[in-house]
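Colleague: Here is how the chains run, residue by residue.
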Amino acid sequence: MKLGQYIARKTVWYVVALVAAVSLNFLLPRLVPGNPVDVIVSNLARGGAVNGEQQKQIYEGFVQQFGLNAPLWQQFLTYLGKVFSGDLGTSFASYPTSVNSLLGQALPWSIAVQLPAIVIGWVLGNVVGAVAAFRGGNWDRSVFTSSLFLSAMPYYCLSILLLYGLAVVAGIFPVGGAYSLGNSPAFSLDFVTDALQYYWLPFLSLVIVFIGGQAVGMRSMAIYELGGDYVNYGRAMGIGDNRITRYIFRNAMLPQITGLALSIGTLVSGALITELVFNYPGVGTLLFNAISQNDYPVIQAITLIITLAVLAANFLVEIVYGIVDPRIRAAASGER
Amino acid sequence: MSTPNVSSVATADEATAPRSNPFRSLNFSARFWVALGFVVLVLLLGVAGYFYPTSSSEKVGSLYDPPGNGLLFGTDNFGHDVLAVLMAGTRTSLVIGLVAGIIATTIGVAIGLLAGYVGGWLEELLMGITNVVLAIPSIIVLILISISLPKSTMWSLAVVIGITSWPWTARAVRAQASSVATREHIDVARLSGARLGGILVRDVLPYILSYAVMAFVLQVSGAILAEAALSMLGLGPAGADSLGTQLHWALAFQAVASGAWWAFLPPTIVLTLVSFGFLLLQASLDEVFNPRLRRGKRKQMKQTQARRLAEAQAAAATRPVGGERAGVGAGRARTAHEGGRS
Chain A
1 MKLGQYIARK TVWYVVALVA AVSLNFLLPR LVPGNPVDVI VSNLARGGAV
51 NGEQQKQIYE GFVQQFGLNA PLWQQFLTYL GKVFSGDLGT SFASYPTSVN
101 SLLGQALPWS IAVQLPAIVI GWVLGNVVGA VAAFRGGNWD RSVFTSSLFL
151 SAMPYYCLSI LLLYGLAVVA GIFPVGGAYS LGNSPAFSLD FVTDALQYYW
201 LPFLSLVIVF IGGQAVGMRS MAIYELGGDY VNYGRAMGIG DNRITRYIFR
251 NAMLPQITGL ALSIGTLVSG ALITELVFNY PGVGTLLFNA ISQNDYPVIQ
301 AITLIITLAV LAANFLVEIV YGIVDPRIRA AASGER
Chain B
1 MSTPNVSSVA TADEATAPRS NPFRSLNFSA RFWVALGFVV LVLLLGVAGY
51 FYPTSSSEKV GSLYDPPGNG LLFGTDNFGH DVLAVLMAGT RTSLVIGLVA
101 GIIATTIGVA IGLLAGYVGG WLEELLMGIT NVVLAIPSII VLILISISLP
151 KSTMWSLAVV IGITSWPWTA RAVRAQASSV ATREHIDVAR LSGARLGGIL
201 VRDVLPYILS YAVMAFVLQV SGAILAEAAL SMLGLGPAGA DSLGTQLHWA
251 LAFQAVASGA WWAFLPPTIV LTLVSFGFLL LQASLDEVFN PRLRRGKRKQ
301 MKQTQARRLA EAQAAAATRP VGGERAGVGA GRARTAHEGG RS
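Sequence lines, in order, name chains A and B. Under the UniProt record's numbering, residues 1 to 336 are what the first sequence spells out, in order. Under the UniProt record's numbering, residues 1 to 342 are what the second sequence spells out, in order.
No lab work stands behind these hints: they were computed from the structure. Errors might be hidden in some of the hints.
Footprint (simulated), chain A over chain B, 3 or more residues, beta carbon under 8 Å [said to hold, decoys possible]:
1) 135-141
2) 145-152
3) 221-234
4) 249-258
5) 272-280
These numbers were taken from a predicted model, which means no experiment stands behind them. Note that beta-carbon positions come from the ideal geometry of N, C-alpha and C, so glycine has one too.
Work out the full structure, taking the sequences as your base and the hints as a guide.
Modeller: Structure below.
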């Protein structure tokens, strides 16, 4: 299959996936019997958070914003138009704050905790996994078992254990939050040093799980490559161990790089519950609050952003892979 | 797993491997028994709830009473007996896991079989749909559906989780089914006039069954974890205790910060046991069904020094086949490999 054809084909499938995802995001809440606005507004009224006047305002605002009186297809087009112009609507729970600004506050926290955790965890995990595979024996067995255990453990369980062990019992780290009470986010040395203390626990809990997962993957890839024909051939030809190790490493890395790219795609969604556990003010906490307050525009915006990030990362990985490895293109067209 | 099936898997391996004792493959490893122990422990905990005198909704104390006074794990934020809630929650989680696992595995195996065996445009279409569903993060769909449901029960949650988690099973099964579809006995069946359904069930499915069992094991634990994640986000089953809702309330009422370890440690440990136990069970089943994997392991353990040599010999004797790895990775490591070797 030619490269252009491969890319075109992948593009078509990802456009289909994108349309499906956006439609789901739009349609699912509208399948509920009754008007979603009624539910939200009546919930607000029950909570007593807003008075009658505000309620009416919110109601009308929502109906107008999403054109709920218009036919469904027209609503969908309006929705698409808004989304593509970058307008994610207005929050209900914290009316009249825009969803964009809520997300703008939450996203940096999520990314700040996830990105370093993914990158550092990836590097360490691959080193650990490769060393385990090459050295073998008891070393390999203990590393493999503990990595398997860590990667199998639900990441939020590790978060809870770390929070309890290191913050509550040992008192090394502060319990929950992202900065001290009374401090407020600013780009000052004072704030950053304060925030760093709160940063360690969520970061640790994410990075440990990630190291485990990567080590398991790298180890099995390296062992798989160790048994490859080209390794035997290389040995028979008398090629030095160092060079063979380099070949093995290069081949085993390829899927790991994919893994890195895909994890970066889940940057926003990967720590949803970790943030909850640590009460960290990222997207996960925002989502949790939105769910408990039936703040539908916020939920919808978060799900949309996560989906877009994951789809984009998947798409890029497949395209890059198609360029790098001709076997993938062949497999995609069934030539193999 | 019925016996004829296991032996059929073993005979299939005989064709490629020089080793020819099919019953060797029934030797379960130590790892298998450890994993089975974990899983049985969790099952027992769930079943024990039926015999436990205190109900999970019975108020036996106040907020976070420490263990003692006849209460092994004290009370939770509602004053309920934590042990009673834990047992009820484990049961709910297991039921959700089983129902969702059955649904997901059934859909996945059906779509995978059909796509892999029939091929052509049907395969393109089914795999296209699978890839589209796979590309959309399932937690998002779960959140959206759970919000749209007027009231979520454990059954609706199980169904929702089941119908969102079939895709990777479908993909793994398709790969297997298309390789089985080219074997001679399929031609014989087709020539003798068997119908499509008959061929799929009688001639293709038996070869897939070991994969289906392993996929099911992972689907069950995946569903239990998905339920826990949803519940912790506040979308748990209404009016029922699950491991997720137990953690949800513990977090909401500051159990961790206030040091009430008895309220959050039990569900955390059970969830970890579920996750690790089921993954280990799947991995050891893989060794049972794939004798080649186990042989590699055994050599590794015994001949630490001569490991490289052994590896080279084993590789020379049995060339690794692509399909061998399809069933292995299904944990978090799976995503890393799929792009590369699918």
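Colleague: Which hint numbers does the structure go against, in order from smallest to largest?
Modeller: Failing hints: none at all.
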